[in-house]
Every structure is written in structure tokens, then in C-alpha cells.
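Chemist: The whole structure should be built from the sequences, with the hints applied where relevant.
So you can see what is in the structure, the chains are spelled out below.
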Amino acid sequence: MATFGSSSDQSRRMTMQSDHRRRILFRAIATANLAAGLVYISWRYAASINPSALVLSILLLAAETYGIADALLYALTMWKPRRRIAPPPLEGRSVDVFITTYNEPEGIVRRTAEAAMAIDWSPLSVYILDDGARADIRALAEELGCGYITRGEEWKGRARHAKAGNVNNALNETDGEFILILDADQIPEPRILSRLSGYFADPKIAFVQSPQSFYNVPPGDPFGSDAALFYGPIMRGKDGWNAAFFCGSNALLRREALMQVGLLSYAEAAEREVRVTLRELRRQARPSLRDDAGQRAWKGAARKAVHDAWAGLRRGDPLQAVSDALGEALGTALRGAPGNGGPAKAPGGPLDRDIARSREAVAVEGVSTVSVTEDMATALRLHASGWDSAFHPEVLAHGLAPEDLGSSLAQRLRWAQGTIQVLFRDSPLSKKGLKPGQRLMYFATINSYFSGFANLVFVLCPLVFLFFGVAPIRAWNLDFFLRFIPFFILNRLMFFVAAEGLPVHRGEQYNLGLFPLWIKAVLGVITGREIRFTVTPKTRQTGRFLASVKVQIGVIVLTLAAIIYAVTGLTLGIRGNYLGIAVNAFWGCYNVYELAAIVRAAVYTPPEGWEPQPPSFGRDQGA
Amino acid sequence: MIPFRIEVEAQDEDRKVTVARMAGRLNAASSSEAKARLKGLTGEGAKHLLLDLSELSFIDSSGLSALVAGYKAAVEAGGSLKLACLVPQVREVFALTHLDRVFETYPDVAAALASFPSGS
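If you read the protein sequences in the order shown, they are chains A and B.
Throughout the first sequence, residue numbering follows this note's numbering, covering 1 to 623 in sequence.
Throughout the second sequence, residue numbering follows this note's numbering, covering 1 to 120 in sequence.
It cannot be assumed that every hint is accurate.
[Claimed, not checked] List of simulated lysine-lysine pairs, DSS-like, C-alpha gap at most 27 Å:
#	chain 1	residue 1	chain 2	residue 2
1	A	K204	A	K431
2	A	K80	A	K432
3	A	K204	A	K80
4	A	K520	A	K431
5	A	K156	B	K39
6	B	K47	A	K156
[As the list claims (entries may be wrong)] Heads up, incomplete: computed chain B residues facing chain A, CB under 8 Å, no partners named:
#	residue
7	A28
8	S31
9	S61
10	L64
11	S65
12	V68
13	Y71
14	V75
15	T97
16	R101
17	V102
18	S115
In case anyone wonders, no lab produced these hints; they're calculated from the structure.
What you are looking at is a predicted structure, and each value in this text was computed from that prediction instead of being measured.
Yeah, the Cβ is synthetic: ideal placement off N, Cα and C, and Gly gets one too.
Modeler: And the structure:
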């Protein structure tokens, strides 16, 4: 072992040294950036609001304040990254591999299932969780000799909860100590469990996430699929705060942890439903002027019964006892009732079906169903219950990214909406049990999806100025540049250093350019419009997607027109403020450049003869 | 180590209660069997189930969710399920997962039986 380890030990030491140097550099730049940001924004608040364009001024100031808060959260994310090295494997512990699929072609599922069967581990059970209940996938499972799980009778007529429901259904039917979750397209390397299992020697670790990497990203990454920044510096940063996320695939999870938070959530949900029913019973027993003497009598008794049930809940009586007592009291009340007009006679405990969560197919849900991004919501539950998590930085599975803009946008919309749902339904800001750092890390991710509003302001401001001469700031003068330029440079520098040389520009373009999508996501959640879990297509969809980017095209055309209009006005001597027009023309050009990437993606076709090859692994590659 | 067992101990015809005793370890490995047996018992015409856990030496979260699944099956078949005689380890995880806020537990079988309504 000693001879084997020496060269990797050396490279490890070098990585650690460079990590250390980078961390110091990053902290210095981030601190300088935040100081410069503070100087700039306080000047903006104090001395730069344009009183003759108050609304626009305030909008821009709000957007800039958001931007600084976002940079602060980013700096905190990157403040104390943790680079883990795989601990020795936990030999001999049972692992179930769940391959989740809904409508992916058989060929894609086959590659993943074959690779899963070849994972170097024992005892290992591979299951295909086919939510599409398709004959060809069942045949595939039989052919390969792996398990095949679909939803049973109990799901008929009940909420299916998409992928979360699929996994919960399988959790009920399997018994491995650990669970490796793989999306249908994520081809695992044989060594994946040897690398990930060791983390569970620490009994507090609930899951370890490894990166998602895509072998079909076309040259130049037109759709911004490359996730190396997220599954690198960002996840290492979150891991430093014990807040590595579970990202739905390529993660190994501890069954006991999932079931334990499932039970906690079950107890919560049961009580919630009991309360709903009690409120409904109280409503039914409300006195009415039309009541006759008999009705008045039983309604009075029923109200007393419900009142006692509330008192029981407040005392902390078990729900079952509350239900029994209520059943008895209501039974007595109903015996005096005149046969009709009262609440339906409920035999036994009238709250039993709430306690049994009869509306759900599965009472105890290991994977959270509060959001369409079940992975984040589940990680949040685990962290709030005191479990730890880990991010393993090495790529151990290779999958497919969306191959067209339409699919890519559908996926991003789902992520955005699911993440914002978590804020509203199980907010990390108020959820009990989280540490402050964990709260911040969840909030940082959720907050980033609100950038659409800020970016809308950033694309509107130059338009308004160039067309109408209305400025969102008193003047673009020396006072402004002296404060803005250092902040701007330091801000860019901070993001640059944090990225560790990874290509991030495409991601930034998508972040700005997709502002209509982010706004749609937030508004969709706030207005409660139903969000469907869309399965991201793993095969290229034909057709062009210009309709999906019409807002971006509109902004580009308007911005270019505004620049021409203002410059013409300037040359003809109709308009003054040379500097203002220059600043806004530059700003507008920057917006156009960023937005153009998304429009190009809409009409993108891969180069002739470009055919991504799925990876294959020799047996010798394991260990 | 005692393997997991579940056996019918008694029937209370008057209260329509089947008393079943669980023994051994109820964990991920035995939870499928437990779920199937509980479901079977509720399907056999027993209206109510009373589980005597006095010999259940160990339970984990998968085991607890099998009990919840058993309760769900019993309620959906028009009956109920109650728990009696929890040993300290079981009581501890019961409290840890907040199931003590959901289910009433009884110190002995007689007390639990008395909590079911008489069939008269």
C-alpha cells in the first residue's frame, strides 16, 4: 500500500496547498469586493437617486441591492470549501441501486442497467423503477436479471408524486442498507460504490452526492449544460457548511436516514390533516337559525366534542387517543341526533383516516413530496433532523444533458419552480433544526432564482434611457465611476477566482438571458398554478425553439434600435449627455451579447457527424 | 439473535380484536414480511389488531414504517391497530421519530384490549 500511495499522496498534498492558497486569495478578494460593494451601494442610497424618475431609480437600486446580496451569499458559499477524499470502502454492506425511469428509450435504460449490474460491489441488488410500466423495460429487467418495480394497486386514484413517489414506492419493497439512486441515463462506473460507501463509516452521514457529468454536451456547450461549477466549487463550498445538496441522481443514501425523516414528516402530516378535519367538523356543527331543537342539541354536543379534541391536541395527547375520544363523544352526540342533517356517522375514530394518511398511497415517505424538486426538499429534511451530508468531488457516473433548448428550458423551469416551492412550503429560513450556515446555503440557492426580476430591471434601464432620456440615477459622473468601477472589477474578479478556471461564462449568459423563465417560475409558484413534473427528454427533440425565446429576441431588437436612435439623436445634435448615452449603449450591448447566446441556442443544430459516445468501462478500471 | 416472528396470540370475539405478538428484530430486512403479515391479518376478517411488542427486541425506522403501514391497512379495512408492551429500545425510537405523538401505546395487553369498544 505504501508504494502504491506515494505519487497520489504527493498530488493530494499539492492540491491541498493550492486549495489553501486559493482560499486565502478568495477571502481577500471577496472581502475587498464586499467592502467596495458597501461603499458603492451606500452612496447609491444616499446621494444618487434621481428625483425626477423616482420609480425607475428605486427599481434599479432594489435590483442592485439584490445583486450585492447575491454576491454576498456567493462569497459565503465559497468561504470555507471542503475537498473530500474517498474514505476506505465499507465492505459487505448491502446496497440497492434504483434506476428511475418514466419514458426514456429502452436503449438508454439498458446501458445504465448493464453498467449498474457491473458495479463492483457485494451484496448488490439492482432495480429498475419503471414509472411507465412498459413491457420492453420489464423484459429488459428479466433479460439482465435485475429487479423491476412499478406502482401497485394502492396508487390507483391517488397522487403519484412523480419521481419522489416512484422512489418511495421502491423503498417500501426493498431492504438494502444503502440506496444508490441513478437517473435512467446516468451510467455508473464499476467503482462508484467503492468510492462512495466509505463516507457512511460516520454514522451521522445520511447521503453522499457525486457529480453529474454529461458526455453529450456539444462543442461550445450551447445550452449551458455543463455543471462543473456547481458540482465542483459550489458543492464543495456548501459541503463546507455541512449543506451539500442531494441532487436526485448519482447519490448514495442511507435507508435508515430516509425512513427516519419520513417518519418525522409522517407524524407532522398526520397532525396537519387531523387539524383540517377538526376544523371541518367544527364548521359542520356551527349553529344555524334554521336548527330545530334536536339539531341544536346534537350540534352543541358535537361542538363540545371537537373543542375537547382541540384541547387534547394542545395537551399533546397522541392523535390516536384524540380520535378515539372524539369518536366516542360524537357517537353519543349522534345518538341524540334526528338522523339527518348531522355529519356523516364515522365509526371508530373519526380522525383515523387522517392519521393513516389514507389520501396517500404510502404513509411514510422517505423522499419528500412537498416540491417537484424532491431531492432538495429531502436533503433539507435530513439536514434539519441533524443528519450530515457529504459531497464527493469525483465524477463516477456519466449521463445525458438535454440536447435542445426546449428540453433544457423545461428542465430549468422545473428546477426553479421546485426550489421556490421549497421556500414557500418548507422554508429553510424558518425550518427548525438547521444550523445558520445551512440556512444560508439553502437560501443562497433559492435566492438565485429571484434574479429574474433584477435582470429585468437591468435590461429595461438602458432601453428607457436611450429612448426617452430618463435616467435611473442622478448622473453617470465621476462620483459614480469612482465607486462603481472598483466594485465592478472586484466583483468580476471574485467570481473568476471562485470558478477555479472552469468555464462559467455560458452559465452567466443563461442566468441573465433566462430572466423571463425565472420570473415565470416565481410567479407560477406564487399564483399556485399547478406545476407538472416534466421528465426531461434524453433524446434530441426536433424543431426550432424561437418561440421560447421571443422575449429575448424582442429585448435584443429593442436595445439595438434604442442604441441607433440615441446615437442618431446625438449626431444630429438633438440630444446631449454624451456620457450617459455611451454608458447605456455599452450596457445595452452587453445585454444583447448575453441574450444572443440563448437565441443562438434556439436555432442550434449539432455539427455534422457529431455523435456523442457513451463511456464504457473495462473491468480493470474498478478498484 | 432471534429472527423476526409474528404470531396470533388470541382473539377477542366480543371486541373483534386479534392479538398478535411480534418477536425478534423488526428492521429493513424483516419489514416486508411484517407488512405482508399485518395486511393479511386485517384481511382475514379481524376488525382490529392489537400488537403485543413485549418480545420485539429491536426496531428501526423501516420497522416503524411497517407498523404505520399496518395501521394504514387496518384503518382502510375499517378497523384499527393498537400497540402494547413496548420495550425500552422500541419506546425510545418511537419517541425519537415522534410516533408517540401519533399512536397511543399501552403498558399491557389487558389495558389495550379494554380501549377497544365492546361489540354490543
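Chemist: Look at each hint and say if it fits the structure.
Modeler: Hint-by-hint comparison with the structure:
no.	hint	in the structure
1	A:K204 x A:K431	holds, 20 Å
2	A:K80 x A:K432	holds, 24 Å
3	A:K204 x A:K80	holds, 21 Å
4	A:K520 x A:K431	holds, 26 Å
5	A:K156 x B:K39	holds, 18 Å
6	B:K47 x A:K156	holds, 24 Å
7	A28	holds, 4 Å
8	S31	holds, 7 Å
9	S61	holds, 3 Å
10	L64	holds, 6 Å
11	S65	holds, 4 Å
12	V68	holds, 5 Å
13	Y71	holds, 6 Å
14	V75	holds, 4 Å
15	T97	holds, 4 Å
16	R101	holds, 5 Å
17	V102	holds, 5 Å
18	S115	holds, 7 Å
Comparing the model with each numbered hint stated earlier shows that all of them hold.
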